[in-house]
Each structure stands twice: as structure tokens, then as C-alpha cells.
Amino acid sequence: MNEMPRQLELQSVSVNYGDVVAAKDISFGLGAGEIGCLLGPSGCGKTTLLRAIAGFEPVSAGSISLHGELISSPSHNVPPEQRRVGMVFQDFALFPHLSIEDNVGFGLRTLARRERRRRVEELLELVGLGDFHARFPHELSGGQQQRVALARALAPEPEIILLDEPFSSLDSALRETLAVEVRALLKARNVTAVLVTHDQHEAFAMADSITLLNEGEIVQSDSAYNLYHHPRTRFAAAFIGDGALLTLTAADDKQWLPEIGLSPDSETGHPEPGALVQVLVRPEDVVYDPQSRVQLTVLRRAFRGAEFLYTLALPDGQQVQCLASSQVDVATGEALPVRFNQRHIVLL
Amino acid sequence: MEIGADAHTNRSLLQLPRMTRWRLALVATALLLSLPVLVILGSLALPFSPVWHHLIETVLSDYVVNSLLLMAGVGAGTFLLGVSMAWLVAMCEFPGRRLFSWALLLPMAMPAYIIAYTYTGMLDFSGPLQSWLRDSFGWRYGDYWFPQIRSLGGAICMLSLVLYPYVYLLARTAFAAQSTALLEASRSLGLGAGRTFFSVGLPMARPAIAGGVSLALMETLADFGTVDYFGVSAFTTGIFRTWYGLGELNTAAQLSSFLLLFVFTLFAIERSSRGRMRFHHAATRGQVTRIQLQGWRQIVCTAAAACVVLAGFALPATQLLLWAAGPGSAQFDAAFFALAGNTFMLAALASCCCLGVALLLAYGKRLHPHRVETVAVRTAAMGYAVPGTVIAVGVLVPFAWLDNQVDGFLREHFGISSGLLLSGSLAALVFAYLVRFLAVSLQSVEAGLARIRPSLDDSARSLGASPASVLRRVHVPMLRASLLSALLLVFVDVLKELPATLILRPFNFNTLAVRTYELASDERLVDAAAPALAIVLIGLLPVILLNRGARAGNE
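Heads up: the protein sequence lines correspond to chains D and S, in order. If you're matching positions, the first sequence starts at 720 in our numbering and goes up one per residue. If you're matching positions, the second sequence starts at 391 in our numbering and goes up one per residue.
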């Protein structure tokens, strides 16, 4: 027990609503200054977990500790206002009756007036809204409100910041830039943060580590890279990125589908001949190659500007997708020569 | 954190978890507020005194029959007036429609007992109308027949004239929300405007109308001033007489419990019709195309609406004004202002208490919206359906018991008498108002709270504010308008309230309503005009508020 406690530690946390289990046996942790993400479809329990960390939901099993201090367990629940946990809400939740200045200063009641002003000033400068003190929330754009919400959550210098789908009510162009901006800001101040989102691009842009959830349970906790390239379950493979899941029978320990050159490698291991295997093929792993002997029929194609997304038929009737430069213009029904990029084919 | 650990190891009552403390406060308040109703219902378990024989042999059948007739008459009257006016205003276009759409609400400002005195003054033998008839035709007393206003029929007319706005308001909303497509479908299937109304419009608005009529009937059962003044023996006057005249508090409580059965039936009807309304509102709404009335039909409609407003408000209000401003009455003297001051102080006190309790209950329920809280809040709000007379008796019984206990204890141990501490004090009166009018402020507060997003609460909590401090720093400032209207509505209701005040007021303590009642009972109608007028004028405030709300809802 002499090692430094982690900034946030969840141990086997379960949260129930009556008989409904919203989150089950969840464990993960974050070091100081790390940004973690809870990713998953709606109803996967990610928001429930966030609310449990904030203290709005009691846990029914397990424990949550912050900086080594127990804050939630079935028998012990520190009220939200005593946790030093900052939160940014999906709808920003700015107080409509208070000016921007008073919103940001809301959590600074214990400070002397002058100190409070200084802190508010500093935070508004930080989020680039130095001239907005006297405005009211409804006079601000969505992106500006978002930044005020962040400044307000940061103002009391919490142990951790929780962000609940913070970009979902903004338009998509703004989302990307804000996500990058917010990450830079959190990193610059070495703030530990948990982001909840259903949008993988947001997760990739913001987080150091991602915990993928489904139906209240952890599917995979990993880096963004590993989640994309090494999903460990069908759900992870299907939820993250595009791609086709092929069900194949191993012809022998060297080949799966000899006619198209899909074969096992050191990473996937060598299956028994005759064994059923599932292989994830991402669109960018099927590469256009005019030299290739493998010719697959084009079933559909979608023009995306810079590239075409082709849907191709395998000899056995299964389908894969191929991302090719939009210079490669092959009509539906004709054959497209492709090569399978071995490195990215994933065995499940 | 140390605070959490402390609360964990050392649990006294004050250090119970917050949630439990809020819950305890909520349940205790609800129990206290339902005490009068429980006492009344509990009185049925007490032995029935010999007075009951007397009651059954003489007056009980009168009470039941008269109350039933009154309900039937007022039910029919409010239905006819309310539905016809609502339909005209919502579906037809005629000169003055916009004016009448709010003017038809004005009678709400007129308490039934005041309109009753006023009409009595206008239509009595010595009143202006009969005097004019005698002068014009040379008739003398006994030469002609004139309807007796102070009768059951008169009471029905008076109550219908001031209670129809309940039906009007709900039916108007329902008619206006009906899809024109449905009505047009009916027309295209060959039904005329009239038959369309009876076979489509009216049935679709039925839940709203049923709700409005039951509200009007609850008010009818609660009415004391009108029936008492007209000498109609109804339940409320019976209860009052049993206690005041016969001194039989328990018997009065038992009588009250029978009245409560009537009330709860109506309450159940109103509740279930409210539930069905949602279902009927599902139809989508097209652009309203009102029937453009032509020629004599226009004139008839305008005249009908004008008659209702005249009869329900304009005429009696003018008469009050004439009396109050007339010669020979030093109406607005120091005594009047002392009386008004008394009344305002009492109403302000009661409305502040109501607001405080309403905030406690509504916010407690918001913090923990579980079954216990929901039931507690609903129980506490039940008093609105209970007639003031019944609540007064229900307050008097436990308070008198408590006084007797304290007095007995002091006499026995210290040889001194405390007399009546609680019963007959302002506290008892304010408590009765709290029971009766809490629902009014609760509704305002709950509606306001519902508009505040829960994320604002969470956000304030995560910034270090305790639940109480969230209420103070976030909700109260945001709710200012709702809180003001809650204060105003209760203020006006207290101002108009008669029977509970009459029974519970401290000795020699008068309010505008009680003074009006006393003066009118002494046939000093002209002198009663000043306090009555004050009540009516202040009663206009919530009507204006209601009208503004309805208009905002339309836009």
C-alpha cells in the first residue's frame, strides 16, 4: 500500500435502479492528469457511472475512491457537494438567472471577493471569453456556453472533471475543434478528466484511454489504437470503425480463403484445419491493386468525394468493403482487383 | 472527507442522512396537514350523541335533499352557461369575441355570498326593481307576484352565475384544442354545424367539461355564505348550526364526514376525467377556422355573452360601487382601514406559510421522487377539496382537545388555568388556511419547478452547494414569478374565505369577508358594500393573472 493512490479508482462498481442493473462490476482507474473516456451506445450505463462518480447515484456494490479517499460504497456516500468533483453537463446547465461571471464564480463561495474575481477572470481568459463577464447565458452561442460550463467546473479546482456528452448539442464542425481545444486546455492544467460519449471520434480526439461499455459491462479497456486495430469481441469490432465480419473455415493452418489470399499470420495465430473463425476486415485493409489476381465483383458503391466506398462480393457470397481513391472508378457489376492488407486482419 | 466519516460513526437524529431528514420533514408535514380530515373521518368511530335522533327527525333530510338539489341545479346551470359560452368563444366569430373571451372570467372575482347580497338588495321588495315596478304600474304590496330571490332557486342562480367560469375555462381550452380536421370530417360526412357540435365537439370535450363541473360542484358544497343568507338548510349551514347553536362539536364533525363523502366522490370524478383528458388531446390541431356568424345570429351571440357578463359581474359590481359611493354612508373610514389592515396581515401571513410549506414539499419531492414523497405531497394537498366549514371543525376538535389537556394539566399541578391557547387563536386560523389552500401554492411551485432542468440542480451540487443552498441560490431566484403568483392566489383565496374564518377567528377579530357577512346578515346591505367591493377588486387580480396565463399558453 505504499504506492501513490491513483487519482480515480473504481473497484467492481455496480449501480442498480430498483431491479434494473445499470452498471455491473466496473473497474477502472485514472492517474493524475489522465483523460479517460467511457464509450458506448445509449443505455450502456456510461452516464450512470459518471453520475455515480459525481455522487448523484449511490453504488450498490464496489467502491469509488478519489485521490485515495473513499467517496462511494454501498454503506458510505459522500454527498456531491463535498466531493470536489467538477462536472460539465450535456445541456451545459448554466444558471439562466446569473451572469457569466456569477456562473463561473458559483462554486467559489468560500473565497474572498477579490480572490474570487481574480479566479473568474483567469478562467474566462483561459477559455477565451475574457470580455463576456456581464453577459447572460442566453446571449452566448452554443460553443461559448460550453466553454463557460467548462470554466465553471474548473473554477473550484476539483480533483477531477467529468464531461457528460459535452459536445453532443453542438454542430459537428464545432465539435471537432472544441474537442481538440478542450483536451489541450485540460492537459495544460494537468486536470484529470472522464469523458462520456457515444461518439468514437470524440473519444479518439480527447482521451488517453477508452473504456468501451455495453449493457452495463466493460467490453474492453484500451488505447484508441488498440480498440480500433485489436478489438477483442464482436461488439467492439462492430461498434468501432467500419468493416465486415467474415465467418470463415480454415482450409488448413496456412490458408483461410485460398482463392483470395486471406491467410493467418503470427499475430492471429494458426487455427486447426476445419475450425470456424471470425475475421474483421476494415475497408482500408482491402486495397485497390491493379496487379492483383484477386478480382471481386462490385455490388454497390458510394461516392465520398476523396474516395469511393465499394461493397464487394467474395466468392462464397459474403461481403467486404473497400476504400479506394475516387480516381478508381469501377461500375457496379464489374470486377475490382484488390489485395488484402494482412497486417490489419483481426481474428476474433 | 471528515464530514462523511463523522456522520457515519455518530448518528443522532440531527445527523441522520440528509435524505432521511428531508423525508421525515415531508411525511410529518403531510400528516399534520391531513390531521383535520383524519379527525373528521375518525369522528365516525365515536359514539353518536342523542342529538342525532333530533337531527334525523327534523333537519337531516332537509340537508341532504337541499344539498342534492343545489348540486343538481348548479351542475346544470354551470354546464349550460359554461359550455355554451366556451363554444361561442372558441368556435364562432362575432363582434366583441376577444373582449368576451376574458370578460367571461370576471365572475370568478365575485364570491357567491357577495353576489347573493347584492342581488337581494337589487331584487327585494324595497329594492330598485320592485320599487320601480310599483311606481310605474301603481301596484301595492300583494298586488303582484315576484320571484323570491332568497330561495333554493335563487341560490342555484347565484352559484351558477359565479361558478360557470370553471366549466367555461376548461371547455374553452378543450374546444380550442380540438382538431379542426375532425370537425371538418364530420361536416363533409353531411352533419350540420349543430349536429357536429353534439356528435363530435361535445363528446370530445366531455372530460374537460366533467372536470369543470365537478370543480364547480365542490365549490357549491363548500359554499356557506349564500345558503346561509338565503336561509336554505344545506350541509354546511347544518354543520355550523350544530356546533354554534347546539354546541355539539362531535356531532358537527360526524355531519362533516358525511359531507366529505360527497366531496370525495366529486374529487374522484374530477381526477379520473383529468386522466382521460390526455387521451382526448392526442388529435393534431390544424389552423382554427371559426364559424363567421352573420346578421341576427351575430347580435344574438353578442347579446347572450353580454348578458352573462352583466349578470355575473357588471351589474352586481356596479350596484356595490353605487352603494359604497352613495350618500349617507361613511364607508371608507378609519374602521374600514383597520379592518382591511387586519385582513391583509392575515392573508399575507397565511400565503407566506403556504408558500413555505409548498416549497418544502415540492422541493423534497424533487430531491427524492419516490412513492413515500409522492403520496405525502398528494395527501397534504387534499385539503383544497374539503369545504372550509369541515376544515374548521377538523381543526377545532384536536386544538380544543389539546387546550383542555394543557389546561387540565396546569390546573392539577400548578393550580392555574391556561384557558384556550390554540383554539380561537390566529395560529388555528392560519393552520386551517394552510390546510385549505396549500394545494393552490403547491401547484404554482410544482409547475415552476418542473420547468427547471434537473441538470441545473446537479450542476450546483457538483459546485459545492448543499440541497438547501441549491433551493436558495438557484431555484428561488429562477422561480420568482411562480412564487409571486402562488403568494397572490392564496392571498386572494384567504381574503374571500368565509366559513372557516367565521368559526375559527379569535374573539372580536374581523376580516373583510366576516364583516361583509355580519353586515349583510343584519340587513345592512349598503354598509356591507365597502368591504365587499374591496374583496371583489382584489379578487380581480388572479383573474387577470389567469387570463394572461391562458393567452401565453395560446401563443
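These are computed hints drawn from the structure, not numbers from a lab. Bear in mind that the values here come from a model prediction, so they are computed numbers and not experimental data. Check the hints yourself; a few may be wrong.
Below, a sample of chain S positions facing chain D; criterion: calculated Cβ distance under 10 Å [as the list claims (entries may be wrong)]:
#1 G432
#2 L434
#3 D533
#4 S647
#5 L839
#6 R843
#7 V864
Built from N, CA and C at the ideal position, the CB exists for glycine as well.
Quick rundown of the hints versus the structure:
| no. | hint | in the structure |
| --- | --- | --- |
| 1 | G432 | violated (35 Å) |
| 2 | L434 | violated (39 Å) |
| 3 | D533 | violated (71 Å) |
| 4 | S647 | violated (38 Å) |
| 5 | L839 | violated (14 Å) |
| 6 | R843 | holds (6 Å) |
| 7 | V864 | holds (6 Å) |
Checked against the numbered hints above, the structure violates hints 1, 2, 3, 4 and 5; every other hint is satisfied.
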